[in-house]
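Novice: Chains A and B, in that order, are what the protein sequence lines are.
Position one of the first sequence corresponds to residue 17 (our numbering), numbered consecutively onward.
Position one of the second sequence corresponds to residue 57 (our numbering), numbered consecutively onward.
Incorrect hints may appear among the rest.
Unchecked claim - Pairwise CB distance ranges (calculated):
no., chain 1, residue 1, chain 2, residue 2, range
1, A, 285, B, 194, 19 to 29 angstroms
2, A, 22, B, 180, 40 to 50 angstroms
3, B, 92, A, 66, 38 to 48 angstroms
4, A, 19, B, 194, 36 to 46 angstroms
5, B, 377, A, 247, 25 to 35 angstroms
Keep in mind that the hints were calculated from the coordinates and are not lab data.
These numbers come from a predicted model, not from an experiment.
Glycine included, each C-beta is placed from N, C-alpha and C at the ideal position.
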Amino acid sequence: MKRSLLLLLLTLLVAVIASLHLGVHVYGPATVWSTFASGGDSMHDIIIRTLRLPRTLNAVLTGAALSLSGLFMQAVTRNPLAEPGLLGVNAGAAFAVAGGLALFGALSITSIGVLAIAGALAAAALVFGLSGALGPETGPTGILLVGVTVAAMLAALTQLILLLDETALETLLFWLSGGFADRPLPLLWIGGGALLIAVAGAAFLAPSIDALRLDDHSASGIGVNVVRTRLVALTLAAVLSAGAVAMSGPVTFIGLIAPHIARRLTAKRPGFAALAVLTMLTGAIIAVFADILARLIVAPGEAPIGAVLAFVGVPFLIHLLRAKRLREVGV
Amino acid sequence: MLLLLAGCLILATGLGSSFISPSRVAAALFGHGSRTDDIIIWTLRLPRVALATLAGMALGLSGAILQRALRNPMAAPSILGITDGAALGVVTFLWLFSDEANVLTVSVHWQPLAAILGACVFALLVGMLTLADRSRRDPLRLILYGIALAALAKACVTLMMIVGPVYRASQALQWITGSVSAAHWMDVGVVAAGLALSLPVLILMRLPMRQIVLDQQTAVTTGLAVDRSRIGLLVLSVLLTALAISQVGAIGFVGLIAPHAARLFLGQFRPGYLLATALIGGILVLAADTLARTIASPLELPAGAVTALIGAPLFLSLILRRHRRNG
């Protein structure tokens with residue numbers, strides 16, 4: 017556990033440093049160092065300080081938020097395929113923001129945050145409610161189908177809103193394609209705030225979630241309120257993914273991949289609290305590397321982060337689906 | 057249902073930036089219209105309306121065949137990644153065969169072939185993944201692999217559009233969101249020919265299509281080469297899908313809705329089932345396209361978004377119903 021923690025921290029550091037150096041212009045370490053050490057106003061100073069640094073921060077925060085959201089969902093639903101992007105929670109947040117912009121015109125940063133959270137909560141309630149109606153023996157795949165379908169529907173609605181309202185189109189199309197670059201800085205506060213709340217919640221919930229590894233019956237036998245734990249955890253997951261959407265648009269697959277990788281990093285099965293730390297670090301690393309890749313693979317253009325992540329995420333999803341029995345993936 | 061389709065046709069032809077009353081449409085169709093009406097209807101509106109209808113028929117049929125061959129009521133070309141595979145084929149085609157000045161170096165008539173190739177490759181991939189799966193008997197498996205591969209195809213398409221010049225991206229985007237706006241009589245002819253060619257095959261396959269509904273054992277005892285006819289049906293379905301969407305773009309969910317609607321009206325073992333499916337598919341795409349171009353005119357919405365809004369809730373209810381029956 018200690019060793020993998022150290023390893024992840026080092027990797028994240030390397031990723032962040034690489035993210036400051038790489039892009040359409042590749043800067044040497046000397047330039048980057050002098051930018052932060054002595055300021056300066058030349059073009060590359062401005063690029064590094066006002067473009068590369070914020071997008072790197074954004075990637076770290078978004079990656080951490082999405083992966084923790086995925087971990088919450090996977091842990092309390094005992095479903096290895098749960099993920100905010102695939103379950104339509106991101107799409108719900110995006111739809112709410114798009115609808116708000118079309119109805120009320122320009123929005124303040126706070127109202128974007130509030131709308132995103134409301135949309136994410138509503139979508140999560142819809143998806144989990146519908147799959148709850150499927151009954152307990154549905155297995156992990158039923159909820160994925162419901163989620164993907166709800167996500168498709170919400171995306172179609174968002175598309176319609178955008179086409180009907182051209183001003184919204186201008187501002188939103190870019191944001192909806194998902195990515196970490198050129199986002200308004202104050203949004204980072206919303207996302208960071210959501211992350212802080214959720215981390216506190218994770219620390220508080222950790223013992224109850226650990227108890228949920230037993231079946232529901234034994235868990236309530238040792239004094240855990242199963243329903244409340246599940247509800248609070250899913251709410252936190254929705255808040256997290258809403259924060260991520262506010263920061264960088266709907267980004268899929270990080271929440272699916274990161275918890276699984278984090279689980280494999282340690283030999284023993286760590287408790288939820290430790291796993292949450294490892295997962296957030298893994299998610300941040302994935303996000304930063306994906307962002308660097310998005311800058312480089314189609315340079316001088318930029319690839320949408322969602323497309324980059326799909327190349328990693330889809331094979332991973334197929335691998336999870338092929339696992340002998342989904343339960344053996346271990347949640 | 058034929059009457060309904062005819063009514064929709066006349067109404068859809070009349071609707072547009074200038075409204076033409078049904079009686080004038082009918083007059084123009086039979087050759088007694090005024091000159092402007094003639095031009096608007098015959099060269100502008102009618103190809104589009106005809107293309108939407110025929111493509112819808114092909115998509116509906118393709119969905120019905122797919123559901124029958126796989127014995128899976130949730131199967132549909134857009135859900136199994138076939139549609140996105142075809143989209144990838146078209147974008148790859150535009151990418152490979154256009155030069156510096158964005159001019160295609162080969163004839164654009166090869167585009168449907170590229171769509172068919174893309175569709176076949178992705179259909180094969182989904183099929184192979186499912187066959188290699190230990191729990192392939194679970195009908196959800198197929199759908200899940202389809203969804204995963206569709207996501208992959210979409211990512212490839214997005215990347216290719218960004219790599220290419222802006223002009224090509226907008227060309228591809230318009231195509232992908234599903235639009236019938238650039239219809240010519242030529243395209244109508246292609247889809248009509250495809251439908252006509254599939255007709256004798258369908259008549260030949262009429263009996264196998266009924267037997268295949270039975271379980272494996274029973275179907276074999278009725279003297280059916282189950283695997284062979286299944287593969288034949290699948291190929292036919294992929295071809296029909298690719299043909300339709302190579303002309304009208306990736307309009308999703310039609311292949312899912314039309315067979316179910318036909319089943320509701322008629323029951324799936326009646327002789328007119330496939331015909332009804334085709335007609336409903338035609339009406340559906342025609343209505344979606346007409347809605348899409350009139351509801352926010354002069355803007356055009358993608359017809360695919362309209363069909364997704366009808367199709368997604370239906371798909372949800374199918375999942376729910378399947379589980380209620382099993383549980």
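Novice: Indicate, hint by hint, whether the structure satisfies it.
Specialist: Verification of the supplied hints:
At roughly 28 angstroms, the beta carbons of residue 285 of chain A and residue 194 of chain B sit within the given window of 19 to 29 angstroms. Hint check: residue 22 of chain A to residue 180 of chain B, Cβ distance near 45 angstroms, so the stated range 40 to 50 angstroms holds. Take residue 92 of chain B and residue 66 of chain A: their Cβ atoms lie about 58 angstroms apart, and the range 38 to 48 angstroms is violated. Distance hint for residue 19 of chain A and residue 194 of chain B: a CB-CB separation of about 40 angstroms, consistent with the stated range 36 to 46 angstroms.
For the pair residue 377 of chain B and residue 247 of chain A, the beta carbons lie near 27 angstroms from each other, so the given range of 25 to 35 angstroms is met.
Violated hint for the displayed structure: number 3, the only one.
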